[in-house]
Every structure is written in C-alpha cells, then in structure tokens.
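Enquirer: Letter by letter, the chains look like this.
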Amino acid sequence: MANPLQTRVPATVAVRPKSGIKSKLFKSASNELIPPFWLWIGLILLSLFTLAPFVYLLLTSISPSNELLSGRIFPHSATFNNYVRLFTGSNAASYMAAAKNSVLVSVYTTLLTIFIGVFAAYALAKIKFPFRTTSLFAILAMQLLPSISLIVPMYMMMRNGIDIGIPFTGIVFFHTPPLLDTVAGLVVAYTTFSLPFAIWLMAGYFQTISKELEEASYIDGNGRLGTMFRIVIPLAMPGIAATAIFTMLSAWDEFMFASAFTQTDAAKTLPVAIREFIGKHSIDWGLMTAGGVVASLPPVIISLFLYRYIVGGLSAGGVKE
Amino acid sequence: MKKTATGGAFSALRLSPRAWKDTLLAILLLLPTIYILLKTFVSPIIESLVWSFYKYNLMDGSAIQYVGFRNYNQIFQMNEFWVSMKNTAYFTVFTVGAELALGFFCALLLNQMFRGRTFFRGIIIIPWAMLTLVNGLMWNWIYQPGYGGLTVVLHNLGLLSPDSNPVWLTNSTQIMTFASIADIWKMTPYMTLLLLAGLQSLNPALYEAAVMDGAGFWKKIWHITIPQLAPAMIVAVVLRVLGAFRVYDILTVFSNDPTTSVSFLTYNYAFRYFYLGRASAMAWISTIFILILIVIYIRMLKKNNELE
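Chains W and A are the protein sequences, given in the same order.
With the first letter of the first sequence counted as 1, position 164 gets the number 164 in the numbering used here; the numbers rise by one all the way through.
With the first letter of the second sequence counted as 1, position 65 gets the number 1065 in the numbering used here; the numbers rise by one all the way through.
It is worth saying that the hints were derived from the structure and are not from the lab.
Keep in mind that a hint or two might mislead.
Claimed, not checked - What follows is a set of in silico ranges between Cβ atoms, one per label pair, in the way DEER data are often shown: (1) P1204/A to S65/W: 51 to 57 Å; (2) T264/W to M1113/A: 32 to 38 Å; (3) R1272/A to F115/W: 35 to 41 Å; (4) L48/W to M1078/A: 39 to 45 Å.
What the hints assert, rightly or not - Once the Cα atoms are required to be at most 20 Å apart in a straight line, the calculated EDC-like pairs of lysine to aspartate or glutamate come out as: (5) K126/W to D265/W; (6) K100/W to E214/W; (7) K128/W to E212/W; (8) K126/W to D181/W; (9) K211/W to D1257/A; (10) K100/W to D181/W; (11) K280/W to D1257/A; (12) K128/W to E214/W; (13) K128/W to D1022/A; (14) K1039/A to D163/W; (15) K1219/A to E1208/A; (16) K126/W to E1208/A; (17) K1021/A to D181/W; (18) K1086/A to D1257/A; (19) K128/W to E215/W; (20) K1021/A to E215/W; (21) K100/W to D265/W; (22) K128/W to D265/W; (23) K126/W to E67/W; (24) K280/W to D265/W.
From a predicted model like this one, the values you see are computed outputs, not experimental measurements.
Glycine included, every Cβ here is placed at the ideal spot set by N, Cα and C.
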C-alpha cells in the first residue's frame, strides 16, 4: 500500500516535534495505528459525513421558501419565519398536540418501565433461583423480537380493551375501555417492548456491584430488600439513568405502533405528525424541516449532554437500535 | 452471567429453606413483570400464531374459519412477498456491510489520542439521536430533484452538467439504495460506538510488537485489530442485522410501495386491508427468521461468557 502509511522504524511517542514535521506527520506513534496526517484527513471526512446533512437541515429550516426552490443552500436572508409558522400557522395546534403526546408517552413509559423493571432486574441479577439463566435469555429474546411480530394481536387487544385480573381464574378486577387512539394504549405498547430491554440492561449493571458490599449490608442487619434499596440501587444509579434515557429515546422515536394505533390529535406522536407533514405540505420544505428540527432537538440535546451514560449503555446492553 | 440452576426443575425441588425463601422473594419481585409480559407479549404473540392458521378478515364481515396452512402457502406463492424479501435482504446487506466498514474506520480514528477527541466523539451521536422519521424527511429533501441538496451540490462541484436534473427516486432499486444511505448515515455512529468499546480493551502493546516486526498499517489491521475485535464485530453485526431486517419507518417516507420491505408488506396487509390471518402468518415468518438469529446470538453470548 501507499508508502506514507508504513512505519518501518519504531517511532518514539510523539511529543509535538519541532523538527522533521513531515516524517512525524506520516508516521504513527508505535502504540497507535494511524499517522497524524491520515488521522486528520479521516476526521475531516468523518465530520463532513456526520455534520453536513444535519447542518443542511438546520439551514433549510431558516431559509425562506423562494430561496429553497431556487436551490440555494446558504440562505441570503435567514429567517425564523418557518418556526413562527410552525407554532402559529394552520397546523400549529396539531403539531403542539403531537409534541405533548410525545412527551406524555415517553415520560409515562419510562416511569412505568423503570419502576417495574428495577425489581425484576434485581431478582435476576442478585438472587439465585431455578431457571434464572433461562429467564434472562427469554428476556433477551423478547427484547430482540421486532414490533411487527406483535403489532396485529396488540392492535386487537387495544381495540377490545384489556382485562386486568387473575389469570386462569376468570376473575377480572377491571376492564379497560378500548385503548386505540389513546396515550394509555401507546404507553402499554411501549412498556411491553421496553420492559425486557430495560430489565436486561439494569440486570447487567446490578451484576457489576460487588458481593462484599451486599454482605457488609447483611451484617449491618439489613435484609434483602433493605440491601436492595440502600446499597444496590443507589450504586447502580448511573445504570438506571442510562436505562431510563434509552427507554425515553426509543419511545420518542417509535413510529410503527404510533401510526397503527393513533389517528387523531388525542394520541398521535411527533413521528406520526412528521409523516403527515410529508403528505400535507408537499413542497413547503422550510416548514417541514423546522418541524423536524424541533422534534429532534430533545433527543439530540439529551444524547449530547448525557453522552457518557449513552455510551456506557450501548456497550453494556447491546441496545438494539 | 454466572451459571446457575442448570439442573432446572429437578433441583428446584431440592432447595434448602434459605434457597426457598430467596426463590419466593425472586418470584414476588418478578411478579409484576411476569404478569405484564404474559398479558401483553406472550399471549398476544401466541394468539397471532393461532390466527395465522385462520381466515380472519376484520373488515369484510366474513366468518373466521380454520384454513390450516393456506395463509402460509398463499404467501409463499405471492410475487409481492418475494419482491419484499429481496428488497429487505438488499437493504440489510447493503446497510450492515457499509455500516460495519465505515464504523470500523471511524472507531479506529476515534480510538487514537488527539486534541479535540471529545468533540469528534460527541458529534457522531447526533445522527443516531435524531428521530428516524426526521432522518427520512431530511434525506428526502436532500434527494429532491432540481433544488434538493444532492443535486445542488453535484451541480456546484461540476460533477453533474447544469442542464441535467436527475430524479433520484424513480424505481424501487433507487428507492432502496437511497433509503439505505439515509439509514447508513444514522446507524454508522451506533456501529462506531459498539466497536469503539471493543477497541478500548485492545492492548496497544500488540501494535508495538507488530512495529518491531516491521508491520505496516494494513498488516496491523489485518493481523491484530480485526482478530482482536472479531467478537465485538460479530455481536454488532448480529444486532444491526436484527435491526435492519425489521426496517419499516424510514421506508414510509420515501415510498408508498409496500413491497419495499417485509415489515411494510405485513403492516399493509394488517392495517390497510385488515387481513389479520394473512398478516399474522407473514409476521410469523419474520418472527421465525429473527428467532433463528436470536438463538445464534444467545449461543454466541453463552460461548463468550464461558471463555471469560
């Protein structure tokens, strides 16, 4: 291959050399792989590839439509008019309703998932009982199954309402009204899919907490539950936070269930609203991209600020998306 | 995961009182989860297996009747189904292949030490965090003929003569290719982050040893990086295949053609025509395919754990 890439002599660890700039540029440090010159070429390409489409989206959202239709990328007269129209125009009410539903659905889903999942994860990670490994792998399999496997029967379940009672006895405490086109229906659907994944991820974090700490807690007179609440859960808080973030992001992003189960402003979420945009405002790209930017801001900002948790979660749990 | 309870049901009967107490507590803690998942996951999916053997049309008022394997036979004889399979396979192979190659090199770059690394590691999360539908919308806008970003940039760079104005999304191959590019843009960071985690456990001393042996860049990659990273790569690829095979949402932005993916076709039969029997059968074909992948994945995880 190209000569500059090869390193014949072991180079010393680069400490910003003043002389021999050229050879330093093309030579990697002995414990590194890529020489500085190619590293920066790569990084420039990486940034272009990553940022160009996103910056283009932002620029489009602040461009007046006549400039967009004449093929201008950098707007001459930047304007926030598209955002103003998004929040005050004819579709503002519908968009705001979708934003509100998205917030409600993702917050409720996250709370429910974490609250239920944390106990199951503790049991699976910290208590020895028969079929534990099998249960864990069943949970993993559920996490990886696609929504399409479940969407048809779940639609019928939402259409008929759900019985809450004791299984196999015919005792029903409560029968929900039909849940199609309700926030509650989406919360049920999303919790079903988040729960296995959240349990898998949190169980992984719980397993990293050392046995010694738990044993010390037993000696202090705490029982199992006391140890769980005083030692294990507080120590695993970063993991629980990561799980909560993933649950929230996936609920925010979900489209298939939302488009099948919701029709009106009562329950439709932002992805559904964005999909409708494409049909409704066929060439009003300024407005559409403004809507897209607003819908994407929460997950993008959350991910940038909580980067550490996201990366930890990705590598720990094998998150599917 | 540690190995426990391999004896299964038989050892369960021979537990000590302390173990019984633990088991009871575990069941108690698991009860809400078990209840919810039985109710909303396990029993519906079994129900849909049952429906897949019935003629069950929700909207035309016809009777529900048992038809054996007729739904499955019909699906396998449908041209639409095979077209959608072909498109899904194309999408899966193209996106996962490109994401693996690009993600690998991005991970190599970001694993080195350099000034501003945090910044570069940070920006790659933007595509991943964006809404899938907004990603679709954005690329749809980029591909617009005449004034979309792709055409304008190609015109400005002189790669496209000023009077030529191609329509990028005409036939299904083009739609699949351009939708794949959108997916590659969004999911390469995910691959990068998974591989980056794998790279961090790679010992740099191995590179020093290779340099002593006179190995260049490609030799180092081929003989050290790839073998060392193989377990992480396989896990990442399996996860991405599972994700790509189910593709639905991004395609709806580019096309109204349900044969662009199996999920799309299934969705269409379920919620456009309300042929629940046939849709269930089709969903189960996907489910079985994915279950096979899941079993392979779990075996790999188990093997990796035993090695550790």
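Enquirer: Evaluate each hint against the coordinates.
Expert: Against the structure, the hints come out as follows:
For the pair P1204/A and S65/W, the supplied restraint of 51 to 57 Å holds, since their beta-carbon distance comes to about 53 Å. Between T264/W and M1113/A the Cβ separation comes to about 54 Å, which falls outside the hinted range of 32 to 38 Å. The hinted window of 35 to 41 Å between R1272/A and F115/W holds, with their beta carbons roughly 37 Å apart. Look at L48/W against M1078/A: about 43 Å separates their beta carbons, and that is inside 39 to 45 Å.
At most 20 Å may separate the alpha-carbon atoms for a hinted pair to count; K126/W and D265/W exceed this at roughly 44 Å. Note on K100/W and E214/W: the hinted pairing is violated, with a Cα-Cα distance of about 42 Å set against a maximum of 20 Å. Between K128/W and E212/W the CA atoms are separated by roughly 16 Å; this keeps the pair inside 20 Å, and the hint holds. Of the pairs offered as hints, the one joining K126/W and D181/W is violated, with about 39 Å between alpha carbons and a cut-off of 20 Å exceeded.
For the proposed pair K211/W and D1257/A, the alpha carbon gap of about 55 Å is over 20 Å, so the pair is violated. For the hint linking K100/W to D181/W, the alpha-carbon distance of about 14 Å falls within 20 Å, and the restraint holds. Proposed proximity of K280/W and D1257/A is supported: the alpha carbons are some 18 Å apart, at most 20 Å. Pair hint K128/W plus E214/W holds up; C-alpha atoms about 14 Å apart against a cutoff of 20 Å.
Between the alpha carbons of K128/W and D1022/A the distance comes to roughly 7 Å, so the proposed pair stays at or under 20 Å and holds. Restraint check for K1039/A and D163/W: the C-alpha separation of about 9 Å stays at or below 20 Å, so the hint holds. Using a Cα cut-off of 20 Å, the hinted pair K1219/A and E1208/A holds, with the two alpha carbons roughly 13 Å apart. Taken as a hint, the K126/W and E1208/A pair is broken in the structure, with Cα atoms around 41 Å apart against an allowance of 20 Å.
For the hint pairing K1021/A with D181/W, the CA-to-CA distance comes to about 44 Å; that exceeds 20 Å, so the pair is violated. Restraint check for K1086/A and D1257/A: the C-alpha separation of about 14 Å stays at or below 20 Å, so the hint holds. Our distance criterion of 20 Å between C-alpha atoms is met by K128/W and E215/W, whose separation comes to about 15 Å. Note on K1021/A and E215/W: the hinted pairing holds, with a Cα-Cα distance of about 17 Å set against a maximum of 20 Å.
With a CA separation close to 10 Å, the supplied pair K100/W and D265/W stays within the 20 Å bound. As the CA atoms of K128/W and D265/W are separated by approximately 47 Å, the hinted pair breaks the 20 Å bound. Proximity of K126/W to E67/W is assessed by CA-CA distance (about 61 Å); at most 20 Å being required, the pair is judged violated. For a cut-off of 20 Å, the pair hint linking K280/W to D265/W stands: about 15 Å separates their Cα positions.
When each numbered hint is compared with the structure, violations occur for hints 2, 5, 6, 8, 9, 16, 17, 22, 23.
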